[in-house]
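Residue numbers (my numbering), protein chains in the order written: chain A, 135 to 410; chain B, 135 to 410.
FYI, nobody ran anything at the bench for these hints, they're computed from the structure.
It does not matter which identical chain is meant; a pair holds if it fits inside one copy or across any two.
Below 20 Å or equal to it, Euclidean Cα-Cα: the simulated SDA-like pairs (lysine to any residue) are:
| # | residue 1 | residue 2 |
| --- | --- | --- |
| 1 | Lys303 | His272 |
| 2 | Lys303 | Arg168 |
| 3 | Lys303 | Leu387 |
| 4 | Lys303 | Glu364 |
| 5 | Lys303 | Asp227 |
| 6 | Lys303 | Thr174 |
| 7 | Lys303 | Asn271 |
Protein chains: 2
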Amino acid sequence: MGVAGPIRIEDSADSRIAGFVSIRERDLTGREGRFIAEGTVVLRMLAAAHRSGRGIAAEAILLLESRVAGLASLLAEFPPEVPVYMADARVFDAIAGFNMHRGVLALGRFDQMPGRDALIANLPTCSLVLAACGISNHDNMGSLFRNAAAFGVDAVLMDQTTCDPMYRKAIRVSVGSVLTLPFAREGTAADLIERLQAGGFAIWGLSPRGETDVGEIAPAPRTALLVGTEGEGLPQTILSAVRTARIRQRPGLDSLNVAMAAGIALHQVARVNGRI
Amino acid sequence: MGVAGPIRIEDSADSRIAGFVSIRERDLTGREGRFIAEGTVVLRMLAAAHRSGRGIAAEAILLLESRVAGLASLLAEFPPEVPVYMADARVFDAIAGFNMHRGVLALGRFDQMPGRDALIANLPTCSLVLAACGISNHDNMGSLFRNAAAFGVDAVLMDQTTCDPMYRKAIRVSVGSVLTLPFAREGTAADLIERLQAGGFAIWGLSPRGETDVGEIAPAPRTALLVGTEGEGLPQTILSAVRTARIRQRPGLDSLNVAMAAGIALHQVARVNGRI
Chain A
135 MGVAGPIRIE DSADSRIAGF VSIRERDLTG REGRFIAEGT VVLRMLAAAH RSGRGIAAEA
195 ILLLESRVAG LASLLAEFPP EVPVYMADAR VFDAIAGFNM HRGVLALGRF DQMPGRDALI
255 ANLPTCSLVL AACGISNHDN MGSLFRNAAA FGVDAVLMDQ TTCDPMYRKA IRVSVGSVLT
315 LPFAREGTAA DLIERLQAGG FAIWGLSPRG ETDVGEIAPA PRTALLVGTE GEGLPQTILS
375 AVRTARIRQR PGLDSLNVAM AAGIALHQVA RVNGRI
Chain B
135 MGVAGPIRIE DSADSRIAGF VSIRERDLTG REGRFIAEGT VVLRMLAAAH RSGRGIAAEA
195 ILLLESRVAG LASLLAEFPP EVPVYMADAR VFDAIAGFNM HRGVLALGRF DQMPGRDALI
255 ANLPTCSLVL AACGISNHDN MGSLFRNAAA FGVDAVLMDQ TTCDPMYRKA IRVSVGSVLT
315 LPFAREGTAA DLIERLQAGG FAIWGLSPRG ETDVGEIAPA PRTALLVGTE GEGLPQTILS
375 AVRTARIRQR PGLDSLNVAM AAGIALHQVA RVNGRI
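Sequences are here, hints too, so could you generate the full structure?
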């Protein structure tokens, strides 16, 4: 941010903030390699991601003018070439088109992120991976990343049918972990399993019909926890290709939410492997 | 449902379905001892609650006509005096005022539910309680109930500042567990702790600053897990009155979501006490 401080925007049609216009609808349709970060915590994670050189960069920041003073130290974490704009509430809402942002928005860009095979090839000797197939709900996606970060996952690997974690709501629910945790989303579930097996991973598919209690998953230098779609879970073809684990629960109820189940399992695996 | 099958509603102003009008807005304001159940799974839990005589009853069911045939066996679980209405999509949406209901709605009534002290007095010798203070988000509330049901909690006890679990969205996220799991919401957190202590409960307050790892919580005939508000967690005054437990996680991140933390802790406590 230049020495003059944030640039005041008086008109929602100002071309300098065109990237922020109607973000609610726009991120549902096209992507253009851009994403939206909302809120202070996510902005802090974006600053960390920007500095890490992982292929994620902040393009611009837009603040409600009443938020500027309180965010000075956070803004200083961004390089000076990232423009910071501010607007009053009327102009701000006219730009963004909704008011869930708490007055803190950033536009980001991602490029040159390593693909799945490159990520796997670069994982440390001792590593923990979360693998996800067919996740379709952005809340669950965000929650999976938040848990993955909390329990020391090295990478999140998704099949091509899984929804995009760079979607605004997923980033928000992840409290920004999507921006800092390496991930890849490509190929089929079968491909992903094959690559993980070739990489020496013990792969545990999580299912209510799993054979091993999650509390009995043995420590291993490389463990991958695999979760499936919200409704049906992992298909039998996948479950028969990997080891399977279950979370015991009372009978007669819907199985746990996928992010909840992953959180419980990751916590167990992280504990037995001394990762937390 | 009478032998003639569901009653067709042709007009959204029909007085017989007045209870379903604009439910989205209405449950935000007044309650009148009524609640809305949405979706097939919740409807099934409502049928179970109705039969259990716990003070929860179905008053009426409203279905999109295309859903009627597939729900015949579920409708048969309700007593014949519960009216079943059906409407086409246009009339249905005009009644309900939004379209998140998947064409399955029920209006319920609750009364004569036992209070906190009566619930505690009637808990079995070996029991597990989830206690919650200051929860303000209905998604978290629903998720707490869903986890409590999954891990065999006997009752959910909340202080008076906690939000209402009978709110439509909380019931939906709980996949209906709010309707089947005994709960009470009254009094202060300090009162609640005192009553649980008098009842011989080992009370564990969950906090990132907790002393004992959740995996080390000792088995006990009666255990209460206590969780606090989404933002601040449990206040120090409460934490110093109980034993405290933490979920280990990587440093430098936001603490886990409250429902996630409760799920992980309940899973551990349920396992060591042989409840699942």
